[in-house]
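Each chain, written out:
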Amino acid sequence: MPYFLRRAAHSIVVLVGVSILSFVFIELAPGEFFSDMRLNPQISPHTVAALRAHYGLDQSLPVRYVRWLHSAAIGDWGYSFAYNMPVSQLIWVRARNTLMLTVASAVLAWVIAIPLGIFAAERRHRWGDRLLSATSSVLLAVPDLLFALGLLVFAIRTRAFAVGGMAGLDYSSLGPAAKVHDIFSHFTLPVLALTVATLPIFFRHVRAGMLEALALPSIEAARAHGIPRRRILFRYALPAAANPLISLLGLSVATLLSASLVVEVIMGWPGLGPMLLEAIMARDLYVVIGAVMLSTVFLVAGNFLADLLLYVSDPRIRAGAP
Amino acid sequence: MVADISMSTTEFLIRATRLAKEYVQQRPLSRRKFRVHALDGVTLEIRAGSTFALVGESGSGKSTLGLCLAGLEKPTSGEIWFDQQNLLTLKGPDRARISGQIQLVFQDTGAALNPRFSAEEIVTEPLRIRSRLTRAERQPWAEQLMEQVGLPRGWLNRRPHQFSGGQRQRLAIARALCVQPRLLILDEAFAGLDLSVQAQIMRLLQELQATHALTYLFISHDLSLMARIADEIAILHQGRIVEQGKPSDLFAKSRHPVTRALQEAIPGRRCGLSVGSA
Amino acid sequence: MTANTNMRIAAVVLIIIYAAVLLAGFVAPYDPTEQDRNHPFAPPSRFHLVDVGGKFHLRPFTYGWIPRPGGFAEYEEDRSKPLFLRLLVRGSEYKLLGLFSCGRHLFGLDDDNRLFILGTDGFGRDQFSRLLWGGRISLLAGLIGATLSLCIGMLAGAVSGYAGGWIDDALMRLAELFLAMPWLYLLFAVRAFLPLRISTSTAFLLIVAVIGVVGWARPARLIRGVVLSAKERKYVLAARGFGASSFYLLRRHIVPQTMGVFLTQAAILIPQYILAEVTLSFLGLGVGEPVPSWGNMLGSLQQYHILASYWWMLAPGLILIPVFWGYHVVADFLHQQSELKS
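Chains as they are written, first to last, in our numbering: chain A, 33 to 354; chain B, 461 to 738; chain C, 412 to 753.
Keep in mind that a hint or two might mislead.
Derived coverage of chain C by chain B (criterion: at least 3 residues anywhere in the stretch with Cβ under 8 Å from a Cβ of chain B; other residues may be distant) [what the hints assert, rightly or not]:
| no. | stretch |
| --- | --- |
| 1 | 634-648 |
| 2 | 659-671 |
Under the rule of at most 25 Å between Cα atoms (straight-line distance), these lysine-lysine pairs were calculated in the DSS-like manner [to be verified]:
| no. | chain 1 | residue 1 | chain 2 | residue 2 |
| --- | --- | --- | --- | --- |
| 3 | B | K534 | B | K551 |
| 4 | B | K493 | B | K534 |
| 5 | C | K466 | B | K551 |
| 6 | B | K534 | C | K642 |
| 7 | C | K492 | C | K466 |
| 8 | B | K551 | C | K642 |
| 9 | B | K534 | C | K645 |
No lab work stands behind these hints: they were computed from the structure. Just so it is clear, CB atoms sit at the ideal spot from N, CA and C, and this is done for glycine as well.
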């Protein structure tokens, strides 16, 4: 248990560090929400100064940071200049949408990648493996940008799926079954795009992990004992490969978050991505920081979860920790 | 391998007094630290021109002692006197000069020679570090060194993996000789070599000792081998010298359990075959 | 397909693409900014070998596009006048490799006729020419960004691994922070507060700098690992025994060991950074008009009708596939090589 307390404390330190880093970065760069306004001759410098003071932008970096921390503590997470409301109100909904997308894609991608990876590893260099590996190589080379655009073309041409936003305009007037269908219709293509974009990476890792596991002396010994192939695969090799695979879960969160940004923007899925972009265009400082922090939280949480799973599954780690 | 002791000075070339070396280790994920006493008050003296052997099992601290004497590790306490100078208090250019006179030949030549370097680069590396000679100027040195250890000149371009174990050992010795040391410390010089190669290396070391007036400190776990070549043997156990003396004395009069254990490990001992005199 | 064959194909593909992009002025028939308002969204020119009269010609020819009156971006072939493909044509001036002025182009049509291998965009600009010129920006951004990340990473990793102690701790904690953020979000965040409208050359440099700086952490960690293990090697210890300085040890023994990791990381980072530039420019945060980059060329596709109707506009995205595939194969190959060596 102390192991986990330490890991949790460590994660929190990382998050605080990231927040400081974000503030520093953004401070280093020239330009802010009111830069354009300053250039506008119709707005007097006096007004600009007053606005800046009102939003606290005229204060020094450490002061702003502390005030932001305080705002975070009370649940506001800063203030959006563009929307005139606390950042948290904007973010939670978007975060939920992004989570929906990434979790669904992650589950789908792993569910497909694991059996395919095992299959490919078992039939190494035979036609099944070659086909899968070649396909994954090609898919890997296609950027997520292109997947999203491609699926959009498909959607527009066939009109089979809805695109743009999470639900149609007439959502509120639909019955419950129709509501689910509406969301599903909007949901499918983004999930598909994200899944296809990340699937090849997971497949490769599963395959590599299984190949390593199958090469272990313990597996050879099992084979020599005449244990049937199926059993070896699932009862011996898979558990051996579990460690790197579980660690990969943490990695996959990072991959998915980055890829989801692009997919969301292109397909119009209302997640953190489009919000970040909009905030960047408007130079809405605290929204940008909020989005970055939240995505970092997801990533750190993903790694922590992976550590937890590793601890539970691997007795060696349990023994090593006090 | 008896050096003519009467001809050399009876002064001590190198003397270590109450040498101690501690490591502090921490187990991963734990806050508890504990000390490891690699060396615990070792005192020994080596006469110039002689062959001294340090024998012990693994973990006895013998490699650590070699490293400390060669100046590659700093002892926690104690003194090392070389040529009437306290090594541990010397600094700068004095230190560099003295350190050149004590050379360590590592065990496991697979790791002791950079696999990307050619033989020429390996044996003349000390020159490259310590002098401003150009590559062309270093080459005759390289050739000479190869000759001294009995390797063909034409092999200067080869990489370590193209040499056999015994040949790599010769390269390592050549490299150590490059700076013209007075004391050569050989850590497990014969490990991993088969018997005929061991004999060859022994012969080579014997010749070199005569021509270069070298003093040797052998570090080994093999008591029988050391008994054949050393003038004096010290038995190291858990960082302390537990017994010391001439090989014949050790075998005849030894009472210490560690020495006995090392002796028992020698094949043929029980049959009463004596292990040759020094 | 053995690994070696794959590697050779990948090398050839990459070399062809880079060469074409490097010699963009020569290979591209037209200036990338040259507009032709009469031919917006013209489809790629079709090539024929047999003319209307049924006669076979050895030299391929095409017909010009005539806009259909009353419509927008609808065309018909002008079958009255076959335009033959010519090699080494005289055309608009450009600077070859940025050094010499030159007027010859690899291929083109006679007189002022226009050839659209990959069609045109909304302003009637030849997409093929823009693809080649745009490649310079995108590919160069990848290279420079990767170089920057690798240099910083190498420095940090070497110092961290060699010095140990608190320096190592501090640097690795910093690296951990950088790695804790999803890097695209971090990239966007940093980009966020650069001025939105900046001159294209400054934009390019700034973006490349940002991409490069953001990505130093992973190479640094990997190089640190190599340095840590190399530092303990016996031959390093031996050299130290001869009185070698830290600088010598790093230069002669340790850094050469990191080359394997360095190259593999380069092959992994370059395509990532190309994609970063493309993504940024696509979303309007990167290089802007009128300078073409593969990213901003794709930007117009954010409008659904363009995406659905004019498939050739996807070319700047499609070209990424062979580029990335090539780099992946190279990276795998290098990875295998370094595994064999250790």
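Quick rundown of the hints versus the structure:
1. With 4 residues bearing a CB less than 8 Å from a CB of chain B, the stretch 634-648 of chain C meets the requirement of three and the coverage assertion stands.
2. Against chain B, the stretch 659-671 of chain C contributes 3 residues with a C-beta closer than 8 Å to a partner C-beta. That satisfies the three-residue criterion, and the hint holds.
3. Restraint check: the Cα-Cα separation between K534 (chain B) and K551 (chain B) comes to about 13 Å, which is no more than 25 Å; the hinted pair holds.
4. For the given pair, K493 (chain B) sits about 20 Å from K534 (chain B) by alpha-carbon distance, which is consistent with the 25 Å threshold.
5. Among the hinted pairs, K466 (chain C) with K551 (chain B) is inconsistent with the structure: their alpha-carbon atoms are about 94 Å apart, more than 25 Å.
6. Between the alpha carbons of K534 (chain B) and K642 (chain C) the distance comes to roughly 17 Å, so the proposed pair stays at or under 25 Å and holds.
7. In summary, the hint linking K492 (chain C) to K466 (chain C) is supported, as the alpha carbons are separated by about 14 Å, within the 25 Å threshold.
8. Distance hint between K551 (chain B) and K642 (chain C) is fulfilled; the C-alpha atoms sit about 23 Å from each other, no more than 25 Å.
9. At most 25 Å may separate the alpha-carbon atoms for a hinted pair to count; K534 (chain B) and K645 (chain C) meet this at roughly 17 Å.
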